[in-house]
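Top to bottom, those sequences are chains E and H.
Under my numbering, residues 1 to 275 are what the first sequence spells out, in order.
Under my numbering, residues 1 to 264 are what the second sequence spells out, in order.
If you anchor each label on the Cβ, the simulated ranges turn out as follows:
| id | chain 1 | residue 1 | chain 2 | residue 2 | range |
| --- | --- | --- | --- | --- | --- |
| 1 | E | Glu143 | H | Phe41 | 57 to 67 Å |
| 2 | E | Ala163 | H | Arg255 | 29 to 39 Å |
| 3 | E | Gly201 | H | Tyr248 | 38 to 48 Å |
| 4 | E | Thr151 | H | Pro121 | 32 to 42 Å |
| 5 | E | Asp255 | H | Leu168 | 40 to 50 Å |
| 6 | E | Glu93 | H | Gln216 | 51 to 61 Å |
| 7 | E | Phe41 | H | Ser192 | 52 to 62 Å |
| 8 | E | Pro157 | H | Pro121 | 26 to 36 Å |
| 9 | H | Leu168 | E | Asp256 | 41 to 51 Å |
| 10 | H | Gly167 | E | Asp94 | 27 to 37 Å |
| 11 | H | Trp31 | E | Gly159 | 25 to 35 Å |
| 12 | H | Met18 | E | Asp192 | 33 to 43 Å |
| 13 | E | Arg38 | H | Met18 | 40 to 50 Å |
| 14 | E | Pro157 | H | Trp31 | 18 to 28 Å |
Partner residues aside, some chain H positions facing chain E, computed with beta carbon under 10 Å:
| id | residue |
| --- | --- |
| 15 | Glu84 |
| 16 | Arg88 |
| 17 | Ser96 |
| 18 | Leu259 |
Source of the hints: derived by calculation from the structure; they are not laboratory data.
Bear in mind the structure is a predicted one, so any value in this text is a computation, not a measurement.
Idealized CB from N, CA, C, for every residue including glycine.
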Amino acid sequence: MSIRKRMRRRRRVELDQGRPAPHSLGMTQPAIVVDNLRKSFSGQVAVDDISFTIAAGSTTALLGGNGAGKTTTISMLLGLLLPDSGTIRVLGEDMVRHRYRVLPRLNFSSPYVELPHRLTVAENLTVYGHLYGIPRLKQRIAELACELELTDILKRPAGKLSAGQKTRVALAKAMLNRPDILLLDEPTASLDPDTADWVRGFFQDYQRKSGATILLASHNMAEVERLCDQVLMMKQGKLVDRGSPQDLLGRYGRDDLEQVFLDIARDRRQPLVES
Amino acid sequence: MSAARRIGAVMLRHLYVMRGSWPRVLEMAYWPAINMTLWGFTSQFFSTHSSWVAQTGGILIGAVILWDVMFRGNLGVALSFMEEMWSRNLGHLSVSPLRPHELMAGMLGMSLVRTTIGVLPAGLLAIPLYHYSIFDMGLPLLVFWLNLMVSGWAIGLGVSALVLRFGLGAESMAWVMIFALAPLSGIYYPISTLPAWLQPLAWALPPAHVFEGMRQVMQGNGLDWGLLGGAVGLNVFYVGAAGSVFLYVHHVARRRGLLLNVGE
Numbered sequence: 001m002s003i004r005k006r007m008r009r010r011r012r013v014e015l016d017q018g019r020p021a022p023h024s025l026g027m028t029q030p031a032i033v034v035d036n037l038r039k040s041f042s043g044q045v046a047v048d049d050i051s052f053t054i055a056a057g058s059t060t061a062l063l064g065g066n067g068a069g070k071t072t073t074i075s076m077l078l079g080l081l082l083p084d085s086g087t088i089r090v091l092g093e094d095m096v097r098h099r100y101r102v103l104p105r106l107n108f109s110s111p112y113v114e115l116p117h118r119l120t121v122a123e124n125l126t127v128y129g130h131l132y133g134i135p136r137l138k139q140r141i142a143e144l145a146c147e148l149e150l151t152d153i154l155k156r157p158a159g160k161l162s163a164g165q166k167t168r169v170a171l172a173k174a175m176l177n178r179p180d181i182l183l184l185d186e187p188t189a190s191l192d193p194d195t196a197d198w199v200r201g202f203f204q205d206y207q208r209k210s211g212a213t214i215l216l217a218s219h220n221m222a223e224v225e226r227l228c229d230q231v232l233m234m235k236q237g238k239l240v241d242r243g244s245p246q247d248l249l250g251r252y253g254r255d256d257l258e259q260v261f262l263d264i265a266r267d268r269r270q271p272l273v274e275s
Numbered sequence: 001m002s003a004a005r006r007i008g009a010v011m012l013r014h015l016y017v018m019r020g021s022w023p024r025v026l027e028m029a030y031w032p033a034i035n036m037t038l039w040g041f042t043s044q045f046f047s048t049h050s051s052w053v054a055q056t057g058g059i060l061i062g063a064v065i066l067w068d069v070m071f072r073g074n075l076g077v078a079l080s081f082m083e084e085m086w087s088r089n090l091g092h093l094s095v096s097p098l099r100p101h102e103l104m105a106g107m108l109g110m111s112l113v114r115t116t117i118g119v120l121p122a123g124l125l126a127i128p129l130y131h132y133s134i135f136d137m138g139l140p141l142l143v144f145w146l147n148l149m150v151s152g153w154a155i156g157l158g159v160s161a162l163v164l165r166f167g168l169g170a171e172s173m174a175w176v177m178i179f180a181l182a183p184l185s186g187i188y189y190p191i192s193t194l195p196a197w198l199q200p201l202a203w204a205l206p207p208a209h210v211f212e213g214m215r216q217v218m219q220g221n222g223l224d225w226g227l228l229g230g231a232v233g234l235n236v237f238y239v240g241a242a243g244s245v246f247l248y249v250h251h252v253a254r255r256r257g258l259l260l261n262v263g264e
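Take these sequences, add in the hints, and give me the full structure.
Structure (structure tokens):
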């Protein structure tokens with residue numbers, strides 16, 4: 001049996017045993033509330049007065065073409081970028097004023113933001129483990145190495161890894177603090193179909209086990225259909241449509257989300273039923 | 001979760017880089033040692049041709065070693081910050097619970113480590129080569145060392161703020177900016193050597209007080225508390241101002257999106 005299959009089986013066993021979620025979230029309050037968010041750069045509007053709510057424990061996709069404002073929105077949710085106006089509340093806290101109350105319960109992964117190349121995988125995870133104040137750090141790194149199949153590459157410099165290995169290391173970093181909210185920017189970009197499928201399975205398992213909230217920006221529509229409860233469609237900085245994948249398919253009269261995406265991106269077709 | 005642990009993590013990240021590359025560590029000690037050797041022979045030559053240098057053996061060697069403390073103090077801060085930009089790690093750090101002032105404290109801590117690794121061997125090497133020990137200065141040496149390192153920190157934080165604001169195009173400032181202060185710092189000559197109109201400018205800089213104080217000690221006049229007070233007061237002002245500028249620029253960077261996709 002392959003390592004991957006063994007790990008899947010182990011995770012299923014853990015679920016069946018009813019292992020408690022690493023963090024308990026108050027399910028009554030939404031995880032993320034965004035109100036009238038706006039951001040422009042040198043007069044060019046990147047995010048134009050968007051509002052949305054993400055329920056705790058859900059998986060939401062932020063979709064849109066290049067330059068639609070997805071990365072800008074995620075950056076503002078992380079507190080990496082200050083909005084011109086509007087409010088962002090994450091886990092009940094104002095992200096502009098009190099981001100440091102929330103950041104220990106949040107994490108982020110993107111293939112476009114790499115970890116220091118000269119450090120080994122273990123060194124990178126150790127540094128970030130200390131930054132997130134992880135107790136029993138060595139044990140946590142060993143757990144993640146086992147879960148994400150990193151044991152053999154722990155001593156290799158991060159800069160000498162393949163794309164798939166880098167993605168798994170970035171995921172390990174994102175999982176160090178067992179985040180209540182996980183923000184993912186194109187998490188399976190540049191991965192082969194097998195590894196991408198494995199990564200999606202990992203997110204599903206984690207979400208089920210922990211009750212975490214996941215927000216992901218992706219261009220992979222099959223991934224969105226598989227993982228997400230809600231889809232937010234962005235175009236030119238605006239939120240142009242939203243709903244569950246099934247809602248959107250029904251309203252646009254399409255068989256897959258890729259067609260819905262193209263309808264919206266190219267102004268080809270209006271929804272058959274208004275949201 | 002303690003701030004000390006996060007500051008330690010910032011330092012650990014740079015210590016890992018150093019551990020993984022001995023040429024880097026060697027390079028830190030290389031230039032101060034070469035500088036000291038060059039000035040040591042120059043000093044030996046002058047001591048037979050100049051009564052002033054002959055009276056105070058080692059004054060030039062002491063000056064060159066202490067100047068390197070300031071130079072390395074500056075580089076230690078600026079290089080730690082630029083290393084984060086070169087490796088595109090600023091984004092990850094900025095979404096972690098690490099506060100900007102903790103990042104700054106980690107950079108200052110690394111500067112202390114880098115300066116010690118860089119300058120200590122040069123100081124030790126001077127003992128067998130020139131029979132001069134900078135450590136003979138005793139406690140005043142520690143005071144001068146700390147003051148010059150804090151002056152270096154102020155410049156390093158200023159350079160880091162510039163690099164954050166204007167990108168890596170400004171990185172050469174880390175090496176260039178400090179040399180603009182060198183002529184006014186009175187490293188190898190008394191401030192009275194400068195033209196009268198430049199002297200007030202020189203006295204507005206902490207290193208001028210330190211090097212003048214160092215000469216007083218080496219000439220056997222003891223520690224001049226007035227000069228020391230001047231250096232400490234000015235250092236508190238400059239490092240406070242530079243730290244505030246760095247934090248302000250960090251805030252501006254969040255507004256302008258400069259923390260996204262920074263790197264080479």
